[in-house]
Structure formats: structure tokens, C-alpha cells
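**Student:** Each chain is listed here by its residues.
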Amino acid sequence: MPKRNDIKKILIIGAGPIVIGQACEFDYSGSQACKALKEEGYEVVLVNSNPATIMTDPGIADATYVEPLTPEFIEKIIKKERPDALLPTLGGQTGLNLAMKLYEQGILEKYGIEMLGAKYEVIKKAEDRAEFKAVSIKIGLDLPKSVFAYSVEEAITQVESIGFPCIIRASFTLGGTGGGIARNMDEFERIAALGIESSMIHEILIEESIEGWKEYELEVMRDRADNVVIVCSIENLDPMGVHTGDSITVAPAQTLTDAEYQLMRDYSIKLIREIGVETGGSNIQFAVNPTNGRMVIIEMNPRVSRSSALASKATGFPIAKFAAKLAVGYTLDEIQNDITKETPACFEPTIDYVVVKIPRFTFEKFPEAKDILGIQMKSVGETMAIGRNFKEALQKGLRGLEIDHIGLDNKQDFRYIEDEKIKLRLMEPNASRIFYLKYALQKGYSIEEVVKLSKIDVWFIDQIAQILEIEEELNSAVSLTETVSPALLRKAKENGFSDAQLAEIMNKSEKDIRQMRKELGIVATFKLVDTCAAEFEAYTPYYYSTYETEDEAIINNKKRASKKKKIMILGGGPNRIGQGIEFDYCCCHASFALKEMGFETIMINSNPETVSTDYDTSDRLYFEPLTFEDVMNVYDVEKPDGVIVQFGGQTPLNLARRLHQAGVPIIGTSVDSIDLAENRELFSKLINELKIAQPANASTTSKEETLIQAERVGYPVLVRPSYVLGGRAMRIVYDEESLRSFLDEVHSVSRGHPVLIDKFLEDAQEVDVDAICDGQDVYIGGVMEHIENAGIHSGDSACVLPPYTLREDIVNEIKAHTVRLAKTLKVIGLLNIQFAVKGHRVYVLEVNPRASRTSPFVSKAIGVSLPKIAAQIMAGKTLKDFQLPNPDDLKYFCVKESVLPFSRFSGVDIILGPEMKSTGEVMGTANTFGAAFAKAQAAANQSLPQRGTVFISVNDFDKRHVSFIAQKLADLKFKILATKGTAQVLRTNGVEVAIVDKHHEGQNNALTLLKKSEINLIINTPSGKKSQSDMRSIRAAAILHNIPCITTLQGAWAAVYGIEACLKEEFTVESLQSLYRSNLPAGRQA
Amino acid sequence: MKEAILYLQDGTAFHGRTLTQTGETIGEAVFNTALTGYQEVLTDPSYTAQIVIMTYPLIGNYGINDEDQESDAIHVKGFVVKEFSRRPSNWRSKQSIIEYLDENKILAIEGVDTRALTRHLRLAGAMKAIISTEDFDPKSLQAKLDAAPSMEGADLVKDVSTQKKYVWKAKGPRRYKIAAIDCGIKWNILRIFAGLGCEIHVFPAKTSFKDIMAIKPDGLFLSNGPGDPAVVTYVIDTVKQALGKVPIFGICLGNQILGLALGGSTYKLKFGHHGINHPVKDFENNRIGITSQNHGFCVDINSLNLDEVEVIHVNLNDQSVEGIRHKKYPAFSIQYHPESAPGPHDSKYLFEKFISMIEQHKK
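From first to last, the protein sequence lines stand for chains E and D. Numbered according to the numbering used here, the first sequence spans residues 1 to 1086. Numbered according to the numbering used here, the second sequence spans residues 1 to 363.
Calculated directly from the structure, the hints in this document are not laboratory data. Given the structure is predicted, the values throughout are model-derived calculations rather than measurements. Possibly wrong hints are sitting among the right ones.
Said to hold, decoys possible - With a Cα cut of at most 25 Å, we get these calculated SDA-like pairs of lysine to any residue:
id, chain 1, residue 1, chain 2, residue 2
1, E, K703, E, V713
2, D, K363, D, Q241
3, D, K348, E, G163
4, D, K139, D, T22
5, E, K558, D, T12
6, E, K455, E, G163
7, E, K270, D, F283
8, E, K491, D, R17
Make a model of the complete structure from these sequences and hints.
**Tutor:** Pasting the structure below:
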């Protein structure tokens, strides 16, 4: 069937900010879909509030709206654009839920918009647990026993028929929010209440626990001629009980016989047909009882998902791209397989390698939260590794996680781990269980015992035992002969041992090992990911390394005999807090720009969620961990003319020095300059020479020295270990006692690196600058004024571009400093500087001669891709070659707001600080600061109220200032509530206010009012070191009830402006394309 | 553990090791791209005289069970993988693949760069190969290969066909009586027929038409099997006689034999189709099925008399013939494996189609 001609314009809804459970994978799928639809001649309208996405690049869709993902805003866009159809299945759960709301509110009908791929009823059938259960039973599928409840009382009666332990799942949520496992009535009541609360339709499912069963996923595609194919099967290493997003998963399924697999396939096909997903991809999850093979269905996602992105990367079959083509009427046999070119997409990929995905956690950021895993997703990123066996893939994946493990290594000495702890770590799923499996075997636990404790399948445990056996073989060879035989060395490499691991075992340096094996001819070979296990010729150069006899990268490069110069770009690895999609955006842009310039681009990355690991992005893709060894392996085969390390965040930057020493030609800012900027002492000296102000600071290596220097610098001080990203382990301490306890804590973090101390500038304004330098000239892309004061990590604070309160002379001084610093550091490429402004004095906080987290935001705001320009400059162009707009001419305000994951980590306070905690960002754009801020809040799911009650409780320091804010809110007809102390000050200043208690005694307390939704906004600034337990529970409740809670005074001011704007004007929506046109008429190049 | 060599007729050598059996074996090297189903592959009689290379690197993960046999013996001549699983895991598993291969004295090797080997066979075509743990001398290995018979022109059916007729009972009451000519029949074909109420009389391949018709079958089934179909003239002749007299359904070799009986010819594919992911379009219902495939020979579309014969199924990867039917007589055949085992169940409906053909014919 050919494509449909009755539709012309298609609306795609993106997934919004990166949150736990929804990361870059939807940028990958959305970008693919947009490109595919444009290719087919459709006009694509895109809305996504996340500026750090490739999909929101103005070239990807025809009209791109970076606007809040709410029905109100989407309706405005619809009204303006009048699309014929909406493709709801590519924007994750956010996009799907939004499409559902648009339908339910009659907006789609009103504007005559058709839902493509899956209709409303279909999505409802798949997503609504009651309907899904009914459908499954109808077609004869087995399910865990389950009942529904719509109130806590009902739940308590119903749970009797299920028994404990049982699982509670809330309908219509993402990443398992509002769910959990209850082992007794107490736990049950708590989780049930939470679930009913967080479900969009106040529905929970209480389910028979199938904890410990084997878990599988199938990625299914269907076209409108009813052809169905399975793209990939995935088996979870962690059995049922751990959210799939938090499980180590393996593709293809390993321990299913063909008979069982085909049964699962049959069920999937029956289900997708019965649910009625017309076209596109779905993800279907199964559980299998390991003792008798009973197979039950768990759930189905009628959309592209995190797993479908993984499946696409694991097989080379681009699910989202094909889903878009199927949605407009093509059938699978009409689409060509990109990779083989001669065969159709209507087939089932087969692979000749093993893929392992490992989640990346950031529990270290939330010390109050336990690293225990359950059915609510907690990981913030993932890495994928490919090998010719499971052991190789697993070890590659572990070193690719970038959590200081060099494989399935011996970071802890098993001899010192107590049995008690081993048992607990095996029984209770947690972030480091994979290592404890090995520790247990090392301690002498049998494979059976480990299986019994962990409920992990014996096949996986045996694989780990095999890794251990090889390690022991190596150890005994070393102790007997002080070396290992070439055959054993090869065996170790074939099973994924890194040079670093071997160095540890053999008491040599990594360099020695590398040299030794190269001399022995034991070198990595590259194989293709080709969808067909080499049955057909493959044309897409997507490689992984392994230790085999034939290297296809070499063969293909020779065959192609390209004369083009090659540039290799190192990606950012798995997403984590502090390093996420922003850096992938930069890497992709570098690749696009260099391709345009006629270079061959080579991408190395290990993150399956990203656009950079789409085989379409670069000329060659190497799916590899970003370690020295793995990067060098690619380097040895490709011998690129230049390597870019400044776009992938701290990951490649950390490798820069070693790569440089190994003779790798790093282009752009020199490694020495990078070091100069990162080295506190050298940098401090440089700043002094330039006569630029900086907070008094010191770098120390011992505890005593730190205490002395802190005294000298003067409290409060900002302390942190050097070489960290995202403010890891950074803290503001006010006295010696706190400094001492901090030093004890960070001992493990710093690992030999010095401790950095800075005078903390209280009450200072923070400013970020992103610029490009070609060695001669400097282009300032944007000066961003932070909403929150210095002291809040720049990644967590909101910021606005252009500045809205900074005086012009201050801005000019900041620009002048930027230019001088860029030139002095001989920056070639991107540069980010953080400034603090206190009492009209400008201080430099830090200089980062690399892509920054704000690069995409600035690029989106001004309509120029900074990384794209920077990459070209690194490859030899100069700024003079470009006609760049003056960002001062911006006629609108862009506000970046960060999105925080607090709802995922119970027990964690939501106070912001110098340690970064946000996972993602949104952008709001409007003609006034207030409106832009209000939009950004709406986009961050913190919509500002326009009427109602504000509860204020601030620390003594802020009490005086808050009066103005309170008065303003009162003028805007808000009712003001405050705690006693705050209220007194407000009254003194003439603000009408009612007093409430915090949470104890009586009905008239803030907590109760909050729970009854009688409070619409909270302004609460934390007070120094004093116990905060009262306010803490209020803040926690605010998160639960999704009531905006502002924890800084500056934030409160911005909110007042925002509310004022909401009341004053009807918000409009504007596409980026039209914004850029109106503001920047000069010939833009990027 | 012992070093082993896999030496190909064109002089290319690959190295691996054997975990158990030692010695030497010769066969035609073919690769199979299925991710699952190694037990079915090993016991599929169509693999007689072939050395099978599995492209999926981890083989044996779920062990060997009692139910997934496709015949009563292992038929592959040799087995080549990247890595055997020493510790299977599956609730039905009875033994490890290593034990199973050892017990059946099959020379199987691991540690081979099976992807490089597969690429080579794709580019150079399927060819004779020898696995040896004793002889590593290229000249001597070459001589052994040169002396071995080639697949083309080889009648392997006579070796795998049952010696005596036997009856596979219907599941439940018998509704149909099917005569099957056993050229190397897979048990799942029999299981599916039995499940549809058929009692299957399985005949040695050389049984005469008269002897077959003596049981008054409702339908005649031509099974899958190994080797070159063109030399299985005794079955081709039987089919010629049966045309129009009894409904005929053929699978795999059965398809080639029907094609030959209808006057067509067959040719050898470069490296064959061995996998479970091939898209095939059925022009009678316009649906695409993902199919299980295992054949080295193919019916030549140009050799068919299209006035009499219609091509009803085509492989979408290479446009080769995957099914034919006679325009006048009740006879059709399928090149792939609707019985799956291993593989998707998308094409099971073809058995039902044969049953309705029988019903039609009865009227």
C-alpha cells in the first residue's frame, strides 16, 4: 500500500525534559520519525519543551515549537498550524498521555485531527490495566492473578484474594511511578495510597507477585496490511521484581528454547492484533516461571520505548523510523532495510553477537536514598555493549558505565566482605549486585547458592563463574611464571578482560599490557552490526570490537578507499546527572558540521539512547565503551586526522591527556589548555595575572592543610574534590566542624585528587557564558543570568537569556573577561565560563574549555548551533568565515528551567545546593521575562497558580526580603499563609497574612491544607543548619501533590513575575523558525 | 580440549577446538542464522551430509530436552559454533549440548570466527568442508575433500528414508488418512498433521505409487529431505502418477519434487536458505509470513510451464520460488517449513489449506 495522500501536515509530540524513565531515547526516535516523514514529503509540526534535543533543531521539522507539553499549549499550536494528523506514539509516555488528553478534551475532534498509528481506544486498551486484562484473557493469555481498586478501602478488601507479597501498579504512569511491592498490610496501605494518588485515573492494580520469575521483552511491529514482525527479544538478567529500566538486560533472549520463544512470539502477535495497534512498534513484556515454564504476560506499551531504542541499536533495525513510515500507510515489504539495501524491512533481524545493557545509577547524589531496586525505575542512564559472547559484552558494559569499574573487577576485596552483607546484597536487588555475584563466588559460594539467593538464572551465574575462572587462571599463571601465555591472554581478551584488569592481575601498567598483546598480535577486531548475521552484504558501517580473526572495518575501509580526511568524535557515554543529552546534542552537531565540510566522521559512544549512536548520524559508528583502551583500538584501525574530545562532557575530556600522550591528534583547544583550566593552582595564577577577580581559593591535599586554608579563605567556603562533574560531592560549609565531617565523607570520592576550597560568595548573582573562540576572535553566544543565587549548582538553577536584571556595564565586563580568558587559554572551539556578581563586582568562578550543559539551550535560543560552528573552527575555519548574529539583539526572553527527580527518591529533601541533582531541562520563550518564566515552569510540570493560597515560611535571613514578594502576591489577590515567625515580619510590613502551623497540632496546619489541595504555591527557604524536619515533610508532600515549591527568594521573585504575566496576557506560541526569522534577519550560517 | 581445523574446498582454513569427540568429518558447509532451535537443526534429516555453522555465537544455552527432536538421530555431519554453553538452563533441559553431541559421536567444534566463516560462504558459496582434529596438512585435507562426493547429484534420500512403513496416529479421532513419502520427514510435520486429526502412513521413499494408493489415502504428502532433488527420480515418478488422483502437498524437497514432476527443473542456490527469518509472500492471501527455511536447491521459475503451474509464494529477500500449485489438479507445495521447528508459526495455516483441499476433493 502506498503512502497516504489525504494527509499533508503531521503533528509530533516529543517527550519533554529528560526525567528518570524517559531519556534521550525519545529524541532518537522522534528525530528519526521527523526525518522519515519529511523525506516522504509531509509537513511536520513538532512540539517539545526540551531544547537540548536534536529533534528540536530547526532543520528537523518544518515548524518546531519549544513550548510546554500541556493540552492548553498544544491546542494553541494546533489552532495555529492546523495539522491533519497527530502521531502520538513517538514521544514516550508523555506524548501518549498528552495525545489522550487532547482526545478526551475534544480538541482533536474540534480541529479534525486523526490519530495515526494507534487510535484512542487502542491506547486505552493497552494502557488501562482493566481493559488490558480483559483483552488478554479473551485471547487466551495467562496473567498473574490480579484485582483492581480505586480507593484504599477497596484495596484493603481486595488484597485478601491475592495475598502477600503482592505488587501494586498504578495505571497511566511512567517508569512505574506510584507502584511497589508490599510484603505486609502496613506496606500495602502506604503503597496503595500512593498509587491511587499518582494514577491519572486513580486506579491501581494489585497483582500476584511473580518476583524471581524470568523476565522477557519482545519488540513487535505491525503494518496496516497486518504483517507483524518481531524485531528483537530481550532477556533480563535481573528477574521479575526489578523495573526493566533498572535491570541488566541481554539481547537476544538466551535461555528460551525455540518452542518457548515461538509461543511468546505467537502471544505477542495475537496481542498486538487484538489490542488493535494499527501500525508501528509495541513492546510486550513476559514473565516465565523458571520451574515449570508457565508464561504470563506483564504489560504492553503501544508506542516506541526505551526498549525499542535499545532493540534498534542492538539489531540495526530502526524501529521509530519505520514506525513513522508505517503510520502514513506504507507496509513493511515496501520499506527497504537500510543496512542490506536489497532486502525489505519485512523480516526479523537475526544477530551474531550478544548485547548487554547495564543501567547507570546516581544514588551517590542522593545519600539519603537507599540503592535498593524495585518496580519503580531509578536509573538515570544506561550503557550498551556488544560482544561475541556474554562475558565479553558484560565486561565491556561494566567498564563503559564509567563508575570506576574496569570490568567485572575486584574493586572490593572479597575477603573483607562479611557473609551477612554478601547475602543481603544478593537477595535484595541493588545497584551493585552484579559485583556481589562475583564476590560471592570468590568467597566460595556455589553457583547453586548464588542462584538461590539472587534468583538470577543459573546460566548468568555460570557465565560470571566462567569470568572468575579465567581470572583465577590468570592469577595462577602469574604466580607460577610471572606472566601469562599468549593463548591465555587471548582467551582473557575474548572474554572481555580489559587491559586495565590484566594490568592489575599481572602487576604491570595498562600500557605494558597493550604493548605486550600488540606484539603478540592480540588486537581488537571490528565486526558489523548488520541485522542479518552476515547473510547479506551490509552497507551501513556500524561496528563493535571483539577478539576474532577478521576485521571488517579494515576490509571495508580498504574497499571504500576514501580520500577524505577523517575526524573522530568521542561521545559522552551513559547519561548521568551532570552529563546527559546536552553533550550528545553537541557531538551530533559536530558530526553534522564536519560531514558538511567534507570530512568523514567517526563516532564512538556507548549510550544506546542517543542520536549519536544512530548509524545515520556519522559516516562510521563504533559502539564502544569510552575508555582509553577501547578508544585506542578504534584509533589504531581508523587513524583519523583529528579527534574531538571537547563535546562529550567530562568523559572524553578525562581521556584527553592520555590520548595526547599516545600520539592521538586532538584538535581544538590543546590538552595543555584544558589542563590549565582544570588545574586550580595554575588557573588561579592565570586569573591573578589577568587581574580578574575570583573568590579567594586554595587547593589542598591533606586534611590539616584544608582546615588551615579554609580559615585563611574565610567561611563560608565551597569545598569539593577536583576533577568532578555536576558538582559531585560539592558542599558549602559554614564552619570548621562541618568541614571536618565533609572531609571524612569525601575521602572515597577524591581518590588522590586534591580538595578545592573557594570562598563562598553569599548573596551573589551567578552568570554563565557560552562562547566560541578560534584562537583570534571570540564569539559570545549568550550571557545567561541565573535566577537562583550562586551556591546552587548551575545545572540545577533556572537561567534567562538575555539577562533581565544585570546592568549593562556588568554584562560588558563579563563579555570582556570572556574574550580575554578565551584568548589567553588559546581556546579553539567552545568555552563556558561561570561568573558571580556580588555588589557590582564580577568574579570568575570557573572556566570550562569545552561544550557546556547550556550549549544546546543557547543554540536554541539564539538560532545558531554553537557546537556546529565550534566543530568547523576546530577543523580549520575561523569565526570570520561565519556571519553570526548578535545575541544582544534578541527580541525575546528564553528561560531554561531544570527538572528534578525528587519524586523518585523517597526520603530525599528537595533543597537545591552546589551538588547537581537535575536530570533534564525545559525552555520557555516569550516577549517578557515573566511570560517566559511562567512557560518554563509550566513546561517543567510546575505550572504557576493564577489564584489561590500561597504558604510562606522562610529563614530569618530572607524574612525581610520576602515581604515585598508577599505584598505583590497579595496585590495579585492571593491569600497569604505563613508560619508564625514569617507572619510576624510580614505583618510588620503591612502584609495581610494568616498564621498556620507547620504540621503538628490541629487541622489548621500547612501539611493538612497541602494534602487537601488548599495550598497552591509554597515559598520556603531552608534555614542554615537548624533542624528542618518540619518543613521537610511539607516539601515532600508538595512533591507528592505536585504543588510548586520554591526554595529560593530569587525563584520566588521570578514566580511573581511569571504569575503577573499569566494574569496579564494570553500566552502565545511561536515556532523557532518564525522566532529566528523575526529576530535575526542577518544571513545565518548554522 | 583439542585443536581442530575446518578446511574448506577452496583452501580457506578456520581454527577451533573440540570439547569431546575427535577425528574427522566431511560435509557441505552451510550456515544457519536462527537464534534458537539448535536441537531441531541437529536432528533435522535435511541436514544429512552437511556441516552446519550456527551464526549465533552462543549455542546450547537451554540444553537439550526430550520433546524438541525432529527425528530419532542427529543428522548433521559436523557442527561449528563460536561457544558452547557448558551449563544449560531451562526447565525442560535434560542434558547439555556438549554431552548430547558427545553421546551421538558428532564432531563439533567451537572457538571459530563463525562470522568470518559465514561471510566467506556468502561470498564464495556453500562448499565441501572437512573438520579434523588429526590432520592439519592443507594438501592432505584438500585431497580428502576432492575425493568426497559433491552435494549436486547426491541422492541422500535413500539414506534417511524410513526402511519400513509406519503409522503416526491421529491426535483424537481419525478424520483423514494421509500417505507421506518419507524423504527425511521432520517429526513436527507429523505432529501437526496428527493434531489436525490425520493418521499418517509414512512410506519409504521408494514405495511404488500402487503400494501407496493401496491404503486409500485422502492425501499424499511429500516430505522435506536432504540432497539434490533431481536425482530422486523414484519419488518424482510416483508424484507424476499421483497428480490429479489424490491431493498432494509437499514441503521443501517435496516442493522441488513436485516442481520436477510438473516438468520444471531445479538449481543449486549459492549458499542456500538456512534460517528462521525469511519473509515470504503468499499471493493467494497477500500476506507476508516470516518463515523457517532450510534448503540448498530451488525450483527454477523459468522452467515451469506457467499455463499449468502457478507460483504462489515468493521469497522477498531474493525473489526465489517458495511455493507452487497446479492450476487444475489439487496439488501444491511449499519450499520453506510451515511446520517450523524451529521457527515462527506464521505458516501453519498451509496444513489446514491441505486439509480443505482434501475436503474439496472428497466432494
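**Student:** Run every hint past the structure and note whether it holds.
**Tutor:** Going down the list of hints, with the structure as the test:
1. E:K703 - E:V713: Holds. K703 of chain E to V713 of chain E sits at ~15 Å (cutoff 25 Å).
2. D:K363 - D:Q241: holds, 21 Å
3. D:K348 - E:G163: violated, 41 Å
4. D:K139 - D:T22: Since the Cα atoms of K139 of chain D and T22 of chain D sit roughly 20 Å apart, the hinted pair holds (cutoff 25 Å).
5. E:K558 - D:T12: holds, 21 Å
6. E:K455 - E:G163: holds, 21 Å
7. E:K270 - D:F283: holds, 22 Å
8. E:K491 - D:R17: holds, 13 Å
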